[in-house]
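Going line by line, the protein sequences match chains L and F.
Under this note's numbering, read the first sequence as residues 1 to 207, first letter to last.
Under this note's numbering, read the second sequence as residues 1 to 352, first letter to last.
A hint or two may mislead.
What follows is a list of derived Cβ distance ranges for each label pair [as the list claims (entries may be wrong)]:
#1 75/F with 174/L: 55 to 63 Å
#2 102/L with 232/F: 52 to 60 Å
#3 192/L with 232/F: 29 to 37 Å
#4 152/L with 83/F: 49 to 57 Å
Computed footprint of chain L on chain F; a stretch qualifies when at least three of its residues, placed anywhere within it, have a C-beta under 8 Å from a C-beta of chain L [to be verified]:
#5 112-121
#6 137-150
None of these hints come from the bench; they were simulated from the model.
Yeah, the Cβ is synthetic: ideal placement off N, Cα and C, and Gly gets one too.
Single-letter residue listing:
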Amino acid sequence: MIQTLAFYLFASLVIASAVMVIMARNPVHSVLWLILAFFNAAGLMVLVGAEFIAMLLVIVYVGAVAVLFLFVVMMLNIDFAEMRAGFINNVPLGLLIALILLVELIMGVGAWSAGGIALGTPDGSAAQGLGQSNIEAVGALLYGKYVFLFEVAGIILLVAMIGAIVLTHRQRPEGARGHQDIGKQIRRRPQDATVLKNPDVGEGVEL
Amino acid sequence: MTEFFQSLGMSYEWAWFVATVSGVLLIALPLMLAVAMVIYVDRKVLGAIMMRRGPNVVGPFGLLQSFADGLKVFLQETIIPSAANKGIFLLAPIITFTVALAAWAVIPFDAGVVLADINVGLLYILAISSLGVYGVVMSGWASNSKYPFFSAMRAAAQMISYEVSIGFVLVCVVLFAGTFNMSGIVMAQKGHGLGFINGFFVNPLLFPMFVVFFISALAETARAPFDLTEAESELVAGYQTEYSSMSFALFWLGEYANILLMCSLCTLLFMGGWLPPVEWAPLYYVPGIIWFMLKTFFFFFLFSWIWATVPRYRYDQLMRLGWKVFLPMSLVFVALISGYLMATGHFTGASA
Chain L
1 MIQTLAFYLF ASLVIASAVM VIMARNPVHS VLWLILAFFN AAGLMVLVGA EFIAMLLVIV
61 YVGAVAVLFL FVVMMLNIDF AEMRAGFINN VPLGLLIALI LLVELIMGVG AWSAGGIALG
121 TPDGSAAQGL GQSNIEAVGA LLYGKYVFLF EVAGIILLVA MIGAIVLTHR QRPEGARGHQ
181 DIGKQIRRRP QDATVLKNPD VGEGVEL
Chain F
1 MTEFFQSLGM SYEWAWFVAT VSGVLLIALP LMLAVAMVIY VDRKVLGAIM MRRGPNVVGP
61 FGLLQSFADG LKVFLQETII PSAANKGIFL LAPIITFTVA LAAWAVIPFD AGVVLADINV
121 GLLYILAISS LGVYGVVMSG WASNSKYPFF SAMRAAAQMI SYEVSIGFVL VCVVLFAGTF
181 NMSGIVMAQK GHGLGFINGF FVNPLLFPMF VVFFISALAE TARAPFDLTE AESELVAGYQ
241 TEYSSMSFAL FWLGEYANIL LMCSLCTLLF MGGWLPPVEW APLYYVPGII WFMLKTFFFF
301 FLFSWIWATV PRYRYDQLMR LGWKVFLPMS LVFVALISGY LMATGHFTGA SA
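Isolated chain L, as found in the complex:
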């Protein structure tokens, strides 16, 4: 009873906030609705017994990705009139993508109701070994059966990260504006930086 209520609560909230993501006029509101959608999706994950995935969803998407979204969107000064002007041009492409997603959804539901591949029962019992916690089950799969693919994915991400750093990193030559030598900054002492002068009346100070 409570599970059913919770499921419909989370599910309807996910759909409602997903609709609001594209309906909201203010992009910042869109991002905030997106966060709500993520959060309710995490709630659905908890309901099917995948608490580890739910926590990862919140940590990774809500805690890091969406913060960066929000960060960028808040900084941009978006001209709404200009944005709406381009709307008509993009309608065919948008409709195409919507159609593809709809077909995929129908095929997915059709395959599931036809009883295709049993990935897991709704209560998650078939997905997990007996007496295994969520984390152990995921870990056993990732580091056992799929270890090669997992490592490959890790290396691809590492390469992407290094690539991004290489592209944006700029070493400022010594003496240039913005150059910093942390060791030098820390070694600096008051006696190196300041002098106490006691000039006579009418005399200047030679620097």
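We have chain L; now place chain F onto it with these hints.
Coordinates of chain F only, in the frame set by chain L:
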């Protein structure tokens, strides 16, 4: 507690519901009281270090100062700037406060005294504490004012940076404990040091991580020396500038509840939680919750001590410390610790 309510003749579902609600109240109300007292302690410690008296007028020794402040704030008018984004402006303090309270659900105060004893307790805390940044960012943006906005940008960057190293420190602890469950982590610390000291902090591999965690906790809660988000000399009051009355008070309470949470996390992860400091039978006559509170209070004292002592970091130094010092260091320690545990055959046990 569910069994108790069931024995009163309720059905299981109702008993569970009533037990959970009363559990929430049993945690939240004393927590609010603790926050009020801890604000008083903070000001007293600060006063003592600055050779002042601190609050001493309201009530005996000024003990009721926080309640007087709370009453004053409660009676103030709520001012909403006309250019503010009203909904988000009002939502932001609520989010900060709610998030600060929600994380306490998995904190064990004593053996078995925990609202939700879930398997992924530590991940839950990580997830909830990563939400804390939204209250700050939303308030900064919705205020539609320059200083709060600067503060929000700083807060977002700062919290993301230090969460990364906190995550790696937690991985180190989890590697040693073999579980994400908070009570399990505490029990794993029993007799960890030479067989009689309770706590991970005595472990030479974990002590550096303990230091990293403590400093990151300071940065995560935006306490001095990392309080750039509300640096008075630069940003007026940071993201709280436009807030007044209860919405301001919610920020205030949430901030201190977060600080207490970080102190109790230090206690649970490294100092052995509700266990007495050493394995000595007479010490077990003291209730576990007393030990837990004493240790948490000790860390809170460190927080105020640091606040009174050190100057504020420069922003680029803050970023450098997070990304160039703590992140590589904690990453190296994750590798070191897992290597050590593999080499000593720690993983052949039941948890493997």
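Could you check the structure against the hints above and give me the numbers of any it violates, in ascending order?
Going through the list in order, the structure violates no hint and respects every one.
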